[in-house]
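S.K.: Work out the full structure, taking the sequences as your base and the hints as a guide.
If you use full-length UniProt numbering, the sequence shown closes out at 179, no skipped numbers anywhere.
In case anyone wonders, no lab produced these hints; they're calculated from the structure.
Watch out, some of these pointers could steer you wrong.
As the list claims (entries may be wrong) - Using C-beta positions, here's what the derived DEER-type ranges look like:
no. : residue 1 : residue 2 : range
1   : G110      : L59       : 42 to 50 Å
2   : A71       : A17       : 20 to 28 Å
3   : Q120      : D75       : 50 to 58 Å
4   : L158      : S36       : 39 to 47 Å
5   : G152      : L59       : 20 to 28 Å
6   : Y29       : V125      : 22 to 30 Å
7   : W45       : G152      : 25 to 33 Å
8   : L40       : P78       : 49 to 57 Å
9   : T137      : G22       : 42 to 50 Å
10  : Q109      : L158      : 36 to 44 Å
11  : S38       : G110      : 16 to 24 Å
12  : T6        : G110      : 38 to 46 Å
Said to hold, decoys possible - In the SDA-like style, the derived pairs of lysine to any residue whose C-alpha atoms are separated by at most 20 Å in a straight line are:
no. : residue 1 : residue 2
13  : K39       : A86
14  : K165      : Y29
15  : K68       : Y92
16  : K68       : A170
17  : K68       : T8
18  : K68       : F11
19  : K68       : A83
20  : K68       : A155
21  : K39       : V55
22  : K68       : V16
23  : K164      : G152
24  : K68       : K164
25  : K68       : S52
26  : K41       : W115
27  : K164      : Q3
28  : K164      : A151
29  : K165      : A155
30  : K41       : Q120
31  : K127      : Y43
32  : K41       : A155
33  : K68       : A86
34  : K164      : P78
35  : K68       : M172
Everything numeric in this text was worked out from a predicted model, so none of it was measured.
Virtual Cβ for every residue (Gly too), placed ideally from N, Cα, C.
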Amino acid sequence: MTQSYTRTAVFLHWLVAFGLLGTFALGFYMEGLPLSPSKLKLYSWHKWAGVSLFVVIVLRVIWRLTHKAPALPPDTTPVARFAAHAGHGLLYVLMLAIPLSGWLMSSAQGFPVVWLGIWQLPDLVAKNAELGARLQTLHMVLNYTLAVVVAGHVAAALQHHFIKKDDVLARMLPFLARQ
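M.R.: What follows is the structure, encoded as structure tokens:
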């Protein structure tokens, strides 16, 4: 039975976690700004971060599919086991769907996605203002859904650490491992 995640899995987890936090905060901040060159620059940075994060998430999914996760504690109830697996599955789906919805939205709104200012990604759909507006709503709803699921993920990790007093959190924060 696997007791801890690999160093690569831990690194990818925290890289994605901080990347999601940063892109969410930037997206939330820039949404309320008036149209200006500064706002357009922030949108470019948000897209760069989103594409970069998408690449890292794909790598993380590949790693996860090729490396077994540690087993849940033996006293985990069937309902808790289902919730853990469903929650992780939903996290992966959302982490992949959000950047894709942003890319689709940008395509439909007629704004190219240029990664790092050098490589223009192809448009995924033709310009269509109505579709662009719907995709913008979808992108926002997916992001807020991810925020709720992440909050549940963090709450579950803290519950394991402080209430159940097991090593589930220590698998992603090795310095917490019991000696």
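S.K.: Now tell me, hint by hint, if it's right for this structure.
M.R.: Comparing the hints with the structure gives:
| no. | hint | verdict |
| --- | --- | --- |
| 1 | G110 x L59: 42 to 50 Å | 30 Å, violated |
| 2 | A71 x A17: 20 to 28 Å | 22 Å, holds |
| 3 | Q120 x D75: 50 to 58 Å | 52 Å, holds |
| 4 | L158 x S36: 39 to 47 Å | 40 Å, holds |
| 5 | G152 x L59: 20 to 28 Å | 24 Å, holds |
| 6 | Y29 x V125: 22 to 30 Å | 27 Å, holds |
| 7 | W45 x G152: 25 to 33 Å | 29 Å, holds |
| 8 | L40 x P78: 49 to 57 Å | 51 Å, holds |
| 9 | T137 x G22: 42 to 50 Å | 23 Å, violated |
| 10 | Q109 x L158: 36 to 44 Å | 39 Å, holds |
| 11 | S38 x G110: 16 to 24 Å | 21 Å, holds |
| 12 | T6 x G110: 38 to 46 Å | 43 Å, holds |
| 13 | K39 x A86 | 37 Å, violated |
| 14 | K165 x Y29 | 37 Å, violated |
| 15 | K68 x Y92 | 15 Å, holds |
| 16 | K68 x A170 | 17 Å, holds |
| 17 | K68 x T8 | 13 Å, holds |
| 18 | K68 x F11 | 16 Å, holds |
| 19 | K68 x A83 | 18 Å, holds |
| 20 | K68 x A155 | 23 Å, violated |
| 21 | K39 x V55 | 24 Å, violated |
| 22 | K68 x V16 | 19 Å, holds |
| 23 | K164 x G152 | 16 Å, holds |
| 24 | K68 x K164 | 23 Å, violated |
| 25 | K68 x S52 | 25 Å, violated |
| 26 | K41 x W115 | 13 Å, holds |
| 27 | K164 x Q3 | 17 Å, holds |
| 28 | K164 x A151 | 18 Å, holds |
| 29 | K165 x A155 | 14 Å, holds |
| 30 | K41 x Q120 | 16 Å, holds |
| 31 | K127 x Y43 | 18 Å, holds |
| 32 | K41 x A155 | 35 Å, violated |
| 33 | K68 x A86 | 16 Å, holds |
| 34 | K164 x P78 | 16 Å, holds |
| 35 | K68 x M172 | 14 Å, holds |
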